[in-house]
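K.L.:
So the chains spell out like this:
Protein chains: 2
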Amino acid sequence: MRGAVLYGPRDVRFEERDAPTIIEPTDAVIRMSATCICGSDLWPYRGINPIAGPTPMGHEYCGIVEDVGRAVASIKPGQFVIGSFFASDNTCPHCRAGYQSSCRHRALVGGAQAPALRVPLADGTLVATRDVPSDDAIPSLLALSDVMGTGWFAADAANVKAGATVAVVGDGAVGLLGVLSAKQMGAGRIMAMSRHASRQKLAREFGATDIVTERGDEGVARIKDLTKGVGADSVLECVGTHESMMQAIRSTRPGGSVGYVGVPHGVTLNGEELFYTHVRLHGGPAPVRRFLPDLISLVFNGKINPGKVFDLTLPLDHVAEGYRAMDERRAIKTLLRP
Amino acid sequence: MRGAVLYGPRDVRFEERDAPTIIEPTDAVIRMSATCICGSDLWPYRGINPIAGPTPMGHEYCGIVEDVGRAVASIKPGQFVIGSFFASDNTCPHCRAGYQSSCRHRALVGGAQAPALRVPLADGTLVATRDVPSDDAIPSLLALSDVMGTGWFAADAANVKAGATVAVVGDGAVGLLGVLSAKQMGAGRIMAMSRHASRQKLAREFGATDIVTERGDEGVARIKDLTKGVGADSVLECVGTHESMMQAIRSTRPGGSVGYVGVPHGVTLNGEELFYTHVRLHGGPAPVRRFLPDLISLVFNGKINPGKVFDLTLPLDHVAEGYRAMDERRAIKTLLRP
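Protein sequence lines, in the order shown, are assigned to chains A and B.
Reading the first sequence from the start, the letters are residues 1 to 338 in this note's numbering.
Reading the second sequence from the start, the letters are residues 1 to 338 in this note's numbering.
A few of these clues could be false.
[As the list claims (entries may be wrong)] Just a sample of chain B residues kept apart from chain A, beta carbon distances all over 12 Å, derived: (1) R17; (2) E24; (3) P54; (4) A157; (5) E205; (6) R222; (7) G240; (8) V263; (9) L312.
[Claimed, not checked] Computed beta-carbon distance windows for the label pairs: (10) B/E218 - A/S297: 44 to 50 Å; (11) A/R13 - B/G216: 56 to 62 Å; (12) B/G216 - A/G216: 32 to 38 Å; (13) B/D11 - A/T268: 35 to 41 Å; (14) B/K161 - A/K201: 39 to 45 Å.
Keep in mind the hints are simulated off the structure, nothing from the lab.
Please read these numbers as outputs of a predicted model, since none were measured by experiment.
Even glycine gets a Cβ: it sits at the ideal position worked out from N, Cα and C.
Sequences are here, hints too, so could you generate the full structure?
P.N.:
So, in structure tokens, the structure goes:
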């Protein structure tokens, strides 16, 4: 089969790779219904996270189970499944506490930008839908594999409550789905920080009540203005730079919460400053597995439509163009069809 | 009157100062029943926090109201009152959210190691007891002014729940009262990190089930051992150094919480490390005012006895010896009687 492999900065190739097979008895192999490119794939694509050698890309996936190892009990061939980018056993103490992305046996899923994928720890990682979904539901179900689960975790970690005043730092797909999550959780006011017309439009569609175009200290000042000097109850940090993290912390009211899901790059927190902000901090790699069953129901019931973040759909063999479009911010997120 | 004034490292003098009077119409002046020395007073005493000039010391107090300004409505002369080290209006949005130590009009109370004290924003800062307490209740009531409220906030910020596994970093008076607070909140297991026999004894008396003498990475390893590799649900950071903060974070399970109340000195958090710990962080200067009414009831009902942290009682004019005893760790905490 052919799949996406990153060779170096801005050098993604679609080339022959070994087809996945069952290696461990807990594995499953799935035939991809759709896959996509993640904002976090851009870190190595841009050379900011160096790679050791040619690297199969992609960690978002949904599809039909083709084969399972002999130790797999609950997942069956023929099922439509979605899983997280972190494989988990879903039985260890960290999984039982709802932190499957800190599972004691966690393993990163990689190489999903391909027609087929091996998923470790299939029983603990994959969630099967009751029926095989119709084709038009695929984008929203695929989004649950990472980007929607991550936006949801940002809102969950930021303690978004009914009626809350929420700010979202970052207008990438995760930030936009953070807006959708906050809306779903009943937020009363959602201030989306964005400078791009197409993203502002989608943010409003997902439930944003205010658009803030300022950044850094000016962005903080604008959030304070909009909240009578108080700050937001909940702030979702969906970027991962030092500036965006500080913008999030400083936009939050004392006793309010920052949920941060942007993978930190160069973030350093001064303990004394943090102390006097009285802000709650929680975040990390989203425990997508925890949220999958509920999010699948919300998609099937038509309550959420996270697939709208895919504003570019390409055949899988055009994957390199998919990266270019996201790198140049021509696309929010690229869906790839095998 | 005479009160404690710090002139430089290890130079506390008991000397003539102006007696306090009503300056603002929202002020009260109280006659001190007892005052004490705080662990945080040792930062400037040791020269770690430099002072600009001679500084009246002390911020923990309880006593009888002598006089109030014309704008004071609820506090009356003759009442026995306790207040926080941060004066607050108790009406601004931050106060109403329970973060009185981030009050928009907050003011540090200073110079309490004296026979009388001016307290700003008396209505919002002071809490009067129903009756004037008996003399033997004074130490426990005085403790509510800071050290007990701070230990309580550490446990509250660390989300201590019934049955929880708790670790406490720091065996000063705040850490010991963090143990007491966690016990009061129903913790199932409390691991106190302490190397000093007298403090270990008091920790056990307050409810510690395990004593951990190791520090740093070894302390973390010991907490992990004691929790079958999982980590604690809630960790109270009651020191404020970089080492103690990292010890607290690394001792916590994914999804668990660190409540930090030690004033940070040189604490720097690496965003990427924090991200992958999945730990919740909350802390800051304790909003003591939020907890005062409930804590006063707990003392009056004999449910808690935080005054036990005072293992040295001196007449106020021996204040310099009180500092020496704490600096040399001969005393946990010194109570001063005017």
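K.L.:
Could you let me know if the closest chain A CB is still more than 12 Å away from the CB of B/V263?
P.N.:
About 7 Å separates B/V263 from the closest Cβ of chain A, which leaves it inside 12 Å; violated.
K.L.:
Since B/R222 was said not to touch the interface, does its Cβ keep a gap of more than 12 Å from each Cβ of chain A?
P.N.:
18 Å, holds
K.L.:
Is B/E24 truly not at the interface, in the sense that its beta carbon sits beyond 12 Å from all beta carbons of chain A?
P.N.:
23 Å, holds
K.L.:
Please check whether the beta-carbon of B/G240 is more than 12 Å away from every beta-carbon in chain A.
P.N.:
The claim breaks: B/G240 does not keep its Cβ more than 12 Å from every Cβ of chain A (closest is about 8 Å).
K.L.:
Evaluate the condition: distance from the CB of B/P54 to the nearest CB of chain A exceeds 12 Å.
P.N.:
B/P54 clear of chain A: closest Cβ-Cβ about 25 Å, beyond 12 Å.
K.L.:
I want to verify a distance hint. Is the separation of the beta carbons of B/E218 and A/S297 within 44 to 50 Å?
P.N.:
Roughly 47 Å apart at Cβ, these two residues keep to the hinted range, so it holds.
K.L.:
Minimum C-beta separation from B/A157 to chain A exceeding 12 Å: can you confirm that?
P.N.:
8 Å, violated
K.L.:
Please settle this one: B/L312 was flagged as non-interface, so is its CB more than 12 Å from every CB on chain A?
P.N.:
Holds: least Cβ distance 29 Å, greater than 12 Å.
K.L.:
Kindly confirm whether 39 to 45 Å is satisfied by the beta carbon distance between B/K161 and A/K201.
P.N.:
43 Å, holds
K.L.:
Confirm or reject: B/E205 is not an interface residue toward chain A, with every Cβ-Cβ distance exceeding 12 Å.
P.N.:
30 Å, holds
K.L.:
Examine each Cβ of chain A, and state whether all of them lie more than 12 Å from the Cβ of B/R17.
P.N.:
Given that every Cβ of chain A is farther than 12 Å from that of B/R17, nearest at about 29 Å, it holds.
K.L.:
Take the C-beta atom of A/R13 and the C-beta atom of B/G216, compute their distance, and say whether it sits inside 56 to 62 Å.
P.N.:
47 Å, violated
Consistency note: the structure conflicts with the earlier hints numbered 4, 7, 8, 11.
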